[in-house]
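Take a look at the letters that make up each chain.
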Amino acid sequence: MQDNVQEKGSSVVRTVLGPVPAQDLGVVLIHETLLSVFPGAEYAPEINMDKSEIFELLKRQLTEFRRLGGKTIVDASGMFHGRDVELYRTLSRTTGVHIIASTGLGPEPMLSGYFTTPQKNPPSPWSAEQFSGLFTKEVIEGIVIPRVERSSSAGLVTSIATRSGITKVETGLFRGSAQTALATGVPVSIQYGADATGDLEILLGEGVAENRIIIGGLDRIDAVRRKEAFAVAKRGAYVAIDHVGWSSSEGFVNDGERAKLVAELFADGLGERVLISSNAIGVAKGHETKELGYDYLLTKFVPMIQDAGVTREQIRLLLEENPARVLTIDASADQKVTGWNFDWDKLYQPVIY
Amino acid sequence: MGKVNTVLGPIPTEDLGITAMHEHIGFGLPGCDLDTQWWKKPEEAFEVTLQKLRRFREHGGKTFVDCTGIGNGRDIEYFQVLSRRTGVNIVAVTGFVAADSALPYFRKQSVEYLTDLFVREVTVGIDGTDAKAGAIKVGVSRGGKLNELDKRIYRAAARASLITGAPIITHLCVDAQTSIDIFNEEGLPLNRVLFGHADDGGYLDENRDKLIAELGGWVGFDTIGYDSEVEGAPYWSRPRQDRVEHFLRFIEKGYLDRAVISADANCCALGWPGLKGHSVNYLFEEFLPDLMKAGVGEEVFEQLLVHTPAKILTMQEPVKPKSLSLKQLQV
Ligand SMILES: [Zn+2]
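Which chain is which? The protein sequence lines are U and C, in order. Numbering-wise (numbering that gives the first Met the number 0), the first sequence opens with residue 0 and increments by one. Numbering-wise (numbering that gives the first Met the number 0), the second sequence opens with residue 0 and increments by one.
Here chain U stands alone, though its shape is the one from the complex:
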């Protein structure tokens, strides 16, 4: 039995099974989803929530990801879109893949009445400070298993803005997320609305450091046209080219242009700020999803960026070093992690493929 209060100066990331040394992360997909449930779908009679089936599908995909050399996956869908931390813990033990779960909410249409029309007069939506309070507890005290208990800690805080432009409530969400990043040391990862650099400024306005911020969705057609990735990286924040495998019918550039974008960012000396991921969903309930697995990026896209002139060392930077750097908890941040036992988890033998 060990005390899980971390030593100052130790470089760790927070996975669902507890802190893991940053150098153990290996190849990371930094913006994916494991189980995605459209909020409320779990109450619909036509939705089958058979956990054994969900587990089996995710296990297969994660095992394949590991076989291909992947070692860590970030579930970036926040706290109200199907996140099942107990399932993720079992999956991690079973497959040997590190899983990092997120706290956070958004976009506004995915919020529920508790946040948008509270039982008071007038029913003003939650403020940034209220959101931050909720998210910070998920980092410091642990992720909620609703009305039952808190589990292991969230490793990052995420949010999403509406594509036509960030709304007032979403500005509160972004500010609250940034406050949580500032208070806890975890990174904040957002999908921008209509204006990536503008949304970045909202986060920076809370005093969070540039290098604790990930701006996602920068492979959207409009962002590429405006060269937003370059502006964001020059500002010192992380650029997530996180829709690998997506294309113009979904509003994104295709993989060829995406590979070119990555190569150009390296050519401009911005490679240390670039992250790549595929926004794939392992299992979706209550909504349509794109046919895209966690294997695609490693098997299809990595060869494409190599062809575009990105070196092996640069690929290591993209998939290992950059993600590890941004996911590492700032050692100076307030650390009060308690409540689970990492030794016990080590008793489990990962499945060796």
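Hints listed in this document are in silico derivations from the structure and should not be mistaken for laboratory results. Incorrect hints may appear among the rest.
As the list claims (entries may be wrong) - Quick list of the computed label-pair ranges, beta carbon to beta carbon: (1) U:A283 to C:E297: 29 to 37 Å; (2) C:E111 to U:N253: 50 to 58 Å; (3) C:E76 to U:G255: 19 to 27 Å; (4) U:G250 to C:Y234: 39 to 47 Å; (5) C:P11 to U:I46: 32 to 40 Å.
The beta carbon of each residue, even a glycine, is placed where N, CA and C say it ideally should be.
The hints should help you fit chain C with the ligand onto chain U, whose structure is shown.
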């Protein structure tokens, strides 16, 4: 033969007895479960809930209609245990408290989808159980006007009410004309609708109460006990005596047979503090004595708590909704 769906199966109308028409085992806006400030020890929640239901039994109460909609804390298996352990019939509802408490998945659905969902919960079962809903819940979102989704839910509820024979219970009756228009368009007689919370302190309108009664609807004085004199009273509260007088004026106009009384209390609130000390038992311990003091006779209580609820809750013969063609029904 009249029947009513309870969480432990259908019962004869005669067995309803003294009935509280608009109550909650526990209500919370969806998402409140993520906020630990509202978490309670389940054994404590169970105990306080049992105490309130037992007290309800001691007052002669027999049937408790839980008006908690989908995603607001409606917990069928829990209701089943509570009903078994206390002997109180619990009627669960399908539907939504209002559009702004419907979860995103349901907000995007069509009238047809919502109709099927409500019909299914009344005729097949709720949440994978075979417990069937005994009424359909609809309501008005914050702001005092039916929004587009409120209207979609009202329309679906009207169709489901016709198809299944189950009544509709509304949360709020502000903007009544809009809802009446929808019920009329769908061909639903207003005697299948309990227009709830006519006594809500924020939305008082005695002409509206009269209109509903004249059209054959039921007028709910069903937030009884939310007295502004009580510390921590929520925004919909009002002075205790004002409510009593409002009610007395309504029955003096000859509408006793259109009136419903209930407390809208939470046995153990989920996503809000609740009102300390409030329970369904306020009806027996405070409100009926207030009426007695005003000279109201006991036969009135029997009408309010036994005969009227029985009329509303008894399932009607299914009717084909105006809006559906025969072809659609066969599919
Ligand atoms: Zn109610």
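We went through each hint and held it up to the structure:
1. U:A283 to C:E297: 29 to 37 Å: Given a distance of about 59 Å, which is not inside 29 to 37 Å, the answer is violated.
2. C:E111 to U:N253: 50 to 58 Å: violated (38 Å)
3. C:E76 to U:G255: 19 to 27 Å: Since the Cβ atoms of E76 (chain C) and G255 (chain U) sit about 54 Å apart, the hinted range of 19 to 27 Å is violated.
4. U:G250 to C:Y234: 39 to 47 Å: holds (42 Å)
5. C:P11 to U:I46: 32 to 40 Å: Taking Cβ atoms as reference, P11 (chain C) and I46 (chain U) lie about 35 Å apart, which means the hint holds.
Of the numbered hints listed earlier, those contradicted by the structure are 1, 2 and 3.
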